[in-house]
Amino acid sequence: MSLFTKAISLAAAATMAATLMSSASFAEDGTGQQLYPLFTYRTGPYAPSFIPFGAGNIDYLRYINEVEGGVDGVKILVQECETAYTIERGIECYERYKNGYNGALTAAIYPHSSGLDVALTDKARIDKIPIVSPGGGQNIATDGRVFPYQYPLVFDYWSEAQIIVDYIAQQAGGYDKLKGLKIATLYHDSGYGRDTIEPLGILSKKYGFEDIQIPVPHPGEQQQTQWQQIRRAGADWVFLRGWGVMTPVAIKTAARVGFPADRIIGDIWSGSEDDARPAGAAAKGYLAVSVFPPGTDYGILKTLKKDILDKGESDLKDNSKFGTVYYNYGVIEAITFVEALRTGHKKFGNRPLTAAEGQWALENLDIDQKRIAELGAEGLISPLKTSIDNHKGETIAAKIIQWNGQSWDTRTDWIKADASLFADVIKAKAAAYAKEKGIEPRVATN
Amino acid sequence: MSYFLETLVSGLFAGVMYSLVAIGFVLIYKASGVFNFAQGAMLLFSALTVVTLTEKGMPFALAFIVTSFVMVVMAILIEWLVLRPLRNRDPLTLFMATLGLSYVIEGFAQLLMGMDVHMLDLGIPDVAVQVGGIYVSQFDIIASLIALTLVATLAIAFNKTRMGISLRAVAADTLAAQSIGIRLPVIWRIVWSVAGIVALVAGLVWGSRQGVQYSLSLVTLKALPVLIIGGFSSIPGAIAGGLLVGATEALADIYIGPLVNGSVSTWFAYILAVGFLLARPAGLFGDREIERV
Amino acid sequence: MTTLQESALSKPLRQPAFGVGILAVGAGLIAAFAVPVLADDYWLSSIIIPTVIMGLAGIGLNLLMGYTGLVSIGSAAFMSIGAFSTYNLLLRAPFLPLPIVLILAGLIAAIAGVIFGLPSLRIKGFYLGASTLGAQFFFEWLFTNFSWFSNDSQSLTISAPRLQILDYDLQSATGRYYLVIATTALLIALAFAIVKSRVGREWMAIRDMDVAASVIGIRVARRKLLSFGISSFFLGIAGALWAFGYLGTSDAHAFNLDKSFQILFIVIIGGVATIFGNFLGAAFIVLTPILLDRLSLIIDLSFLGDQGALANLQHIIFGTIIIVLLIKEPDGLSSLIKRGVEALRPRARSSG
Amino acid sequence: MTGLLELHDVSLSFKGVRALNALSFSVAKGEICALIGPNGAGKSSLLNVINGVYRADAGDIVFDGLRFEAIHAQKAAHLGIGRTFQHNALFRRLTVRENVLAGLSRHGTASFFENIFRLGRDGAERRGFLARAEQTISFLGLPRHTERVVSTLPYGLQKRVDLARALVSGPKLLLLDEPMAGMNQEEKEEMSRVIREANRVFGSTVVLIEHDVGIVLNLASHVVVLDYGRKLADGTPDEVRKNPDVIAAYLGTVH
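Residue numbers (this note's numbering), protein chains in the order written: chain A, 2 to 447; chain B, 3 to 295; chain C, 35 to 386; chain D, 6 to 260.
Any given hint could turn out to be false.
Said to hold, decoys possible - Partial list, computed: chain D residues near chain C (C-beta under 10 Å): (1) G57; (2) L99; (3) A107; (4) Q190; (5) Y233.
Unchecked claim - Which stretches of chain D does chain C cover? Using the computed rule of at least three CB atoms under 8 Å from a CB of chain C, they are: (6) 81 to 92; (7) 110 to 116; (8) 167 to 175; (9) 237 to 248.
In short, the hints are calculated from the structure, not lab data. Here a beta-carbon is modelled for each residue, glycine too, at the ideal position from N, C-alpha and C.
Sequences are here, hints too, so could you generate the full structure?
Listed below in structure tokens is the structure:
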């Protein structure tokens, strides 16, 4: 290529780039619509979980737009932005959509990554944009007085630890039977994985079981030594706090050291079909905590099947993913968004909400049993009520599911965590954070 | 003591798995002086191809052969589109090119075959058997046999066939080899093909343990310290390095890990490797170059 | 005085070039400070700031790799040291002003760089590169395993307690931009000063022929370690800026192997042994994925398949561009521009 | 006459092959000493041992009154041993001036901070270096090429730059490894003149390797003949010319 053609092509590329970067004019007008920036990660190691998850989101919102005519008449504009599960691309997506898009307003942003959730904390505080992370937010952000813009809805790992211990107690025949039991936690060696060390320490003191903590380095493709440690320690139960490829390898390795699968309880991120299936026969009987119960037998899923899937309008390429853990997670997440909008509409009127209004709505969510029934989501979600004091939801609950070799069976009803047990510790951590950052906590008025 | 032994043995078996990946690197480094970061992507691509074909109903043996063929085609394309235009460039540029190549291969793998996590069952039972008071996995034993067979085959191919001798000539002295009429592009195509098939074998063994999915491409990182210790250009080195890394890593995790509150195996192998380099700058079996001025 | 002496001795052609250089620097500075007026938050926060910081990191690696000829694949580790040092200094020594903290953080990274540079005295080339991966994994592990470094925060993340100079708050996008651009401008000047000094000359001598360098009396070991130190100093400050001037909060994984690879790409694509070339490389690395993402939103590519297919296609295109650039532009983007300017020059002269 | 350089029973081998075998000789201050011998006689290895690129297996060396068994290349340079190379070992991406300036590194006195911030001793160092570099460049007839990047220069000029780089620091002992290789007769004559000049003007004692015996016998005042790592003859050109061993083994076959 001659220098001249190179210069020409370089100039052309630069022009194209400039046009692209200021490309809002190409897109349809979004005025009067509510923006839902969909942060995607369709490539990279976590893409398999995103695909059904994204589809659950999109399908539900499509149903709302096309069948219900929008949320109280307000259409939702879904705009995708690929983060590749990296923080920096996530920040670009946040900056791209924080002020809306072509007239469509942004009420809240779902970053779809715990790391990004943390990274956006300061920015969101300055920009006053609510950041919502159902199931994957920061536990200290439960304290909405210190974190006005963070919403770690639905679940946290401390509650998960409680639920696990509760389930084990049920199996053992009561909390008093926990004394002397050995519960090993095999955790992904990261901030996420270590998060349960502290609550399990507290619980072990309280109930007298022996708490064994064993780390697995990322990505966790070799766990022979860890499982030998577990077997040597004589663990009765294993709490598997895995991530990605670590889970199937753990299940397989457990089988080869002879540890029974039905004594392993996976974390919510170790409890999808893609976590159990690759382990093959070894996974039969494997248990997992589920906040996003799989299955197609819920009212709303039947509706989605009829109105979206069967009409060929689903975002799923592979319909067998319908009703999987991650698909249902997507649906549940979309429900939290739509319900927040409804809450806001009641106060501000049926129009697209601003971020400030979105923040109020998310803080005043109340999806009670009655509303859950109306949504056709009985068994799919547990009641969710937020306040300034509690950005997570007042009651945290999960089910235990079991892999039958092909799919998940639900083993228990909702097991509720005792929120009072750790509330003070979390509050104290939030207060320490506020002090470090020089934040004046808001006063709870409601 | 038996616990120590058991840890050691399982570490050694893990080491065999690392070696299996490392061999592919060594082949390519030997013949073309390229540190091929795309080896991981090739692993993913080949395993994904086999799984996709078998899931479509093709018998495993046929799928294996078809995939081998695909890997040969890939090798020819890589030689033609990437290596040839970059001939005589410095090793770092070639390394960067293979990084770019890994994006391309991963992209194609997932574009063509989707991003699902697949189960791969090779029909090898993965249960523990007791050997001399130690639990050993049957799968590990068979995986080691596969690795052994692979190494033996490669050794025979290198030492007995004409092609193998040409390859060794190229590795020893590229210019001299060219001057006696060995055609480099041909050698490259062959070596990349063989490396592709090695990747296929490694991909299947690894894939059957952790499922065939994107993370397969990350096993590269485990092979790196193995290569540093063994030397980039020595197959026996790759085996010895693998065993050493596997064993010390497992022992370090058990005996050092608790002291420093966490597992150490992400970096331990690298620090070990650096220590080795300081003592033997060209690895266990690598050739030391004498600087001429 | 000394500058006069030098330019008098050099070829007369250089003098106007030198004047043009000063003009360019002046214009650049004015432009740099005018940017926030023209660019909105989006451009500042998600394009310009990361490009400038990654360019700075590229300079750090280029000093080591391009000028001294030592390969490192662990650059991100030294960025993380800078970031974590800055955080802990701000937290535990609140009386220190931000500029001092940044310099100290750079120095801490420099010390680590010297220690991890020790193998370079015995190992060369790619073996050295692979061994720098030790630093990469060690520090990622260190900062995740010892929560002291992140002040026992639950998610092991660090976020700057305060970002201010003389009571001027730098939290806003504009404030962060000024912090980044001022730091970078100073470090660019420093980089030029080093490269043009005896130290830079001796580095390049070592790069081109280390045995000869040793034979003519250059203290090769000392210079190599110095190069590791200075490179890490730049990287450390770039890391601090990345964590607090760009991301806001960060953890050890923000400085993973991918980041190290990105910095390598920046150096190779921008141009080895250049200073400004790094910013071209950084712009490429930061902008290309965003452009491809935007492209797929605007042009209707649905005939190619679903969104997932498109995302993978972006992956393929990105990889292809890298390979093509390596093939077609062996000396990096900066040489393309340099040749372009030179091609225009005679024409300008004949017409004028 | 005291020897500036004395070798006592120096031996060196590579992977079992003897490159130098208990070699002893002495080079007087101010002389031009030529090492001759067939390929593989160990001439380059000998230079490499003297200035510390290789480490001798046995024997010791006395340079300027300092006795050592092995020396680091850098230390050798700082003692005043300069060196050119058989194969091109220039800093190929640097200009002629930068190459020559690099040759002055051992005289650097300014600290790193003074150098980069142009403080204190840096100014004097910079001026002094430039002046010396320009002087050496003129001496070798290279002023027209000062700004050229050395890899773009023709081979003969590169050889001169190599010599300039070694000469600029004013070495007490200058080791030249085949400075005239690949040159035509005219260029060789010119190079001989330059070496003689350097010996006279800079006062450097010269030890050089050269294959062209005719040139050598005219240029050198002292000739050492090597054969398979052994010393075959040692003396003035006339003595060497008459030595029957040399005639049999070497000179006879060439001439």
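query = How does the coverage statement for the stretch 237 to 248 of chain D fare against chain C, requiring three or more residues with Cβ below 8 Å from a Cβ of that chain?
reply = Our answer is that it is violated, as 0 residues pass the Cβ test (under 8 Å) against chain C, missing three.
ask   = Does Y233 of chain D meet its interface restraint, that is, does its C-beta lie within less than 10 Å of any C-beta in chain C?
value = The hint is violated - Y233 of chain D has no Cβ within 10 Å of chain C, the shortest such distance being about 25 Å.
task = Between the stretch 167 to 175 of chain D and chain C, see if three or more residues pass the 8 Å beta-carbon test, and mark the coverage as holds or violated.
result = holds (count 3)
ask   = Can A107 of chain D be said to touch chain C, with a Cβ gap under 10 Å?
value = Holds - the Cβ of A107 of chain D comes within 10 Å of chain C, reaching about 4 Å at its closest.
ask   = Once the shortest beta carbon distance from L99 of chain D to chain C is found, is it less than 10 Å?
value = Holds - the Cβ of L99 of chain D comes within 10 Å of chain C, reaching about 6 Å at its closest.
G57 of chain D as an interface hint toward chain C, with CB separation required under 10 Å = Holds, because the Cβ-Cβ distance from G57 of chain D to chain C comes to roughly 8 Å (cut-off 10 Å).
task = Take the stretch 81 to 92 of chain D, compare each residue's beta carbon with every beta carbon of chain C, and decide whether three or more fall closer than 8 Å.
result = Coverage by chain C holds here, the residue count being 6 at a Cβ distance below 8 Å.
message = Using C-beta distances, would you say chain C covers the stretch 110 to 116 of chain D, given that this needs three or more residues below 8 Å?
response = holds (count 4)
request  = Identify whether the interface hint at Q190 of chain D stands, where standing means a beta carbon of chain C within less than 10 Å of its own.
outcome  = The hint is violated - Q190 of chain D has no Cβ within 10 Å of chain C, the shortest such distance being about 28 Å.
In this structure, the earlier hints numbered 4, 5 and 9 are contradicted, and the remaining ones agree with it.
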